[in-house]
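J.: Chains as they are written, first to last, in this note's numbering: chain X, 1 to 270; chain W, 1001 to 1225; chain H, 2001 to 2214.
What the hints contain is simulated information worked out from the structure, not anything from laboratory work. Please note that the accuracy of each hint is not assured.
Among the chain X residues that face chain H by a calculated CB cut under 8 Å, a handful are [as the list claims (entries may be wrong)]: (1) Arg-90; (2) Arg-98; (3) Arg-100; (4) Ala-101; (5) Phe-113; (6) Thr-117; (7) Gln-119; (8) Val-129; (9) Arg-131; (10) Gln-132; (11) Arg-204; (12) His-218.
All of these numbers come straight from a predicted model, not from anything done at the bench. All C-beta atoms in this analysis are idealised placements derived from N, C-alpha and C, irrespective of residue type, glycine included.
Below, each chain spelled out in residue letters.
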Amino acid sequence: MQSQQTQANETARPIVQIVKLQKDFGPVRVLDGIDLSVAKGEKVTLIGPSGSGKTTLLRCINYLEVPTSGHVYVAGQLLGEQLEGGAYRRLSDREISRMRAQIGMVFQTFNLFPHLTVQQNICIGPTKVLRQPPAEAKALALQLLEKVGLADKLLAYPDQLSGGQRQRVAIARALAMRPQLMLFDEATSSLDPELVGEVLAVMRQLAREGMTMIIVTHEMGFAEEVSDRVIFMDKGAIVETGPPHELFQHPRHPRTRDFLSAVLQKKPYR
Amino acid sequence: MSGWQGYFSDLWQYLQDWIPELLQAAGNTLKMAVFAFLLAATFGLVIALARLSRSRLVSRTAAVYVELVRGAPALTLLFLIYFGLPSAGIVLPAFQAAVIGLGLNGAAYVSEIYRAGIGGIDRGQREAAQAIGMTYPKVMGYIILPQAARIVLPPLGNYAIGLLKDTSVASLIGAPELTLRARDLSSEYFMPMEIYLVSGAMYFAMAAPLAAIVRWLERRLRRGR
Amino acid sequence: MLPDIVAVLLRAAVTTIEITLGGLAVALVLGLLIALLRRSHVRIVAVLGGIYVEVFRCVPVLVQLFIIYFGLGELGLRLAPLTAAILGFGLNGAAYLAEIYRSGIEAVHKGQFEAAAAIGMTRGQAMWWIVLPQAVRIALPPIGNYGVGLLKDSSIAVAVAAPEITFAATNLINETYLSTQIYLVMALIYISMSLPLSYAVRSLEARSSRGRAR
């Protein structure tokens, strides 16, 4: 169907392209001119001290934060605005929502819908947003729950689940929308240590299956294992970037070195 | 359109008749509200302290008072005091009956506000104060009550605004306040819409600034918690 | 004598309940509408909603009833006393419920909005499917308290000759001159209606603060 050239072009085109992204919260500049490009199937991890802007950057990718200036492209499409006759027009809520449906996000605080069962949590996106028939959505939900190892919790409510179980349901909920990429915002930071492993296992499997993933995390061991690229951010800018073993073993920038030595002393992997 | 012009010029005339009268009645409304508030605030404190009493009888009686008074409409209490008491030999003018009725009714609500205020303070505060050797009255006076006062002020403010509006109910026992005067005027001029709108605007002019103050107070107090 | 008095008042109690439920129904729907309008991104709409709430909360409900019953009557629209009462309490209540809804919505964790947005829901979908169901649950105790208050405020409808308890009692007194006794019975009937409801709301409050969602 598609020529080899078109297919090659598609794989070559980055899934996420960020151009000169700037974000101010009032007088505070949280992101200072970020340029970033993520390829399809790539796993990128953002690390850095708190306040470095890594979470804000992640949230700009699905337009939960509106950039002050600069542009975000997802799958080639400009996010949140449209170029019309030389000027940028802010897109409507409906248009932005349509784009968000292609991006999956997993939150630090899980944010499961407490008044809905696990099944309803997973199905509500496909049925209400993608307008799929309920039976189809239910089958998908079951499939995804099996994938994250929680098939028996179909009819449970979130408050009956442990933190690790909730986060796995949250991942299934995001996957139900069949997104082109997945964003993880400190997905394990709120979990008790013994529950972190089960969530990382799901993320590891997702990575193996080829999902494009942008991960903000403090789990350095996991980052080293799973990432294709690690980006160290500080004070709203990208300081250093490189393959994990290079960045972790041989950091070039002094700030990277300081950060890594402070962090790696404290947290043993698993 | 001389019909409309005629209407508005007549209206302008009437307003000049109504407004001074209504303003005077509004003064009565304010007086009634202030007196009733004072009665409710003090008697409410008495009841709140009674409920904290170690005597079972005292605290139970106070609790029963609160439940009964809050269970019936304020208007019922006003009727009982104004129309009912005379048969027991106590005849009160409508204004006083209204103040007492609204005050007694309010005391029940205010006592709950006080209870919430005192209860809202960490027990650790009292224990810490006692640990540095303060006696019970000192603990109350320096530590508990000042903090309770801050918790209590916004709800008291909101109660005051409600009380100001509730004085209108006293018109139903003939007490001389704003709504009664509006009622008299509308039966005199046969223009209820205009007159009640004006009196409504006067209530608004009294209540809205109070409401804004209470909101500001809430914001200020929330900061220092 | 006494049984007859109680019978008359109990029959009037039905009207009291009608006023309460009718007013509550109007207020629940209109109040939700106003609460949502106040969140509109269109400035004018939000401001108008705010003005509605401020005006209806700063004017006594008795005056509002007079405006609806006598005022509209002057303009040619004569409403039945019961209708005027329900309309009046409904419009007034909408302002109070709009505030209660607002608190409820603000109490819903912000992450819920974000999670709904993240799976591609529009603001409207997020509000309807995710936030409002949670907000209403949070708002139930204050709404219940408001309802109990409305039951007592219905006595004000005597001023527009609505055939509720206070009106019936006043008529009885004009006939029999037994003011104290009748008012006491009236008080007891109100108390016996409002007290159980108050307890129900209090236990609802206790229950909902236990099973809070996260």
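J.: Decide, hint by hint, whether the structure agrees.
T.: The hints, checked one at a time:
With a least beta-carbon distance of about 12 Å to chain H, the hint placing Arg-90 (chain X) at the interface is violated under the 8 Å criterion. Proximity of Arg-98 (chain X) to chain H holds as hinted, the smallest CB-CB distance being about 7 Å (cut-off 8 Å). Taking 8 Å as the C-beta cut-off, the interface hint given for Arg-100 (chain X) holds, the closest approach to chain H being about 5 Å. About 3 Å separates the beta-carbon of Ala-101 (chain X) from the nearest beta-carbon of chain H, less than 8 Å, and the hint is met.
Taking 8 Å as the C-beta contact cut-off toward chain H, the hint placing Phe-113 (chain X) at the interface holds, the least distance being around 6 Å. Hint on Thr-117 (chain X) is violated. Least Cβ distance to chain H is approximately 13 Å, over the 8 Å limit. For Gln-119 (chain X), the interface hint is violated, since its Cβ never comes within 8 Å of a Cβ in chain H; the closest pair sits about 15 Å apart. Satisfaction of the interface hint for Val-129 (chain X) is found here, the shortest Cβ-Cβ separation to chain H being roughly 4 Å, below the 8 Å cut-off.
With 8 Å as the threshold, the beta carbon of Arg-131 (chain X) stays out of range of chain H, its nearest partner Cβ sitting at about 11 Å, so the hint is violated. For Gln-132 (chain X), the suggested interface contact is broken, since its CB lies about 12 Å from the closest CB of chain H, more than 8 Å. With its C-beta approaching chain H no nearer than about 22 Å, Arg-204 (chain X) sits outside the 8 Å limit, and its interface hint is violated. Restraint check, His-218 (chain X) versus chain H: the minimum CB separation of about 19 Å is more than 8 Å; hint violated.
In this structure, the earlier hints numbered 1, 6, 7, 9, 10, 11 and 12 are contradicted, and the remaining ones agree with it.
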